[in-house]
Amino acid sequence: AQSVTQLGSHVSVSEGALVLLRCNYSSSVPPYLFWYVQYPNQGLQLLLKYTTGATLVKGINGFEAEFKKSETSFHLTKPSAHMSDAAEYFCAVSSLKSYKLIFGSGTRLLVRP
Amino acid sequence: DAGITQSPRYKITETGRQVTLMCHQTWSHSYMFWYRQDLGHGLRLIYYSAAADITDKGEVPDGYVVSRSKTENFPLTLESATRSQTSVYFCASSEFPTDTQYFGPGTRLTVL
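For the record, the sequence lines run as chains B and E.
Quick note: the first sequence uses my numbering, first residue 1, plus one each step.
Quick note: the second sequence uses my numbering, first residue 1, plus one each step.
For the record, the hints were derived by calculation from the structure and aren't laboratory data.
Within a straight-line C-alpha distance of at most 20 angstroms, the following computed EDC-like cross-link-like pairs (lysine to aspartate or glutamate) qualify: (1) B:Lys58 / B:Asp85; (2) B:Lys49 / B:Asp85; (3) B:Lys97 / E:Asp56; (4) E:Lys70 / E:Glu95; (5) B:Lys100 / E:Asp56; (6) B:Lys100 / E:Asp53; (7) E:Lys70 / E:Asp53; (8) B:Lys100 / E:Asp38; (9) B:Lys97 / E:Asp99; (10) E:Lys11 / E:Glu79; (11) E:Lys70 / E:Asp56; (12) B:Lys100 / E:Glu95; (13) B:Lys49 / E:Glu95; (14) B:Lys97 / E:Glu59.
Make the full structure from the sequences, and use the hints.
Spelled out as structure tokens, the structure:
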């Protein structure tokens, strides 16, 4: 079975500071990994995804994530936070064997002026 | 407009009533999904569909029924609503099973 753990239900950063949202996964087969963002009262929007190939994945709005198989991690980073980044972020995993998307419980990012 | 839409956006109902949430997508994606979002649980898969007339259970299917007679529509029915089904429901679609899923805006359902 696959699972996702997001460390920290809330993360608070100052505008301009580094954003780091942590995601660890469990999967017995090669995983497909996703980060989605949810703005208030909206659906989820894909930020980036890893399937195969390059382990450093760049997404929209300056976000990137690195797939580290040895650490079973897929942490999301952004060098400089912007007020508009305040939202809830979800890490998710699937695979060719089980294409159901399994979500973590989410991390709410707060950006302080 | 192209995309994925859900209706209604907000719904209040009473325990024991039947409720149907609608989902419509214009991309002709083969795969469609229903999730519920609850605090502390993230999104959990209720049902999914690989094509018209092909549906299967997800993680939390009890109390829900789905159908898919047309590729573009995937309604979710709560046959006898319970308070525990108070949640935000999201529909999603994708072209391939492991491809990016595109989400609708959600339906906030309250069961009194």
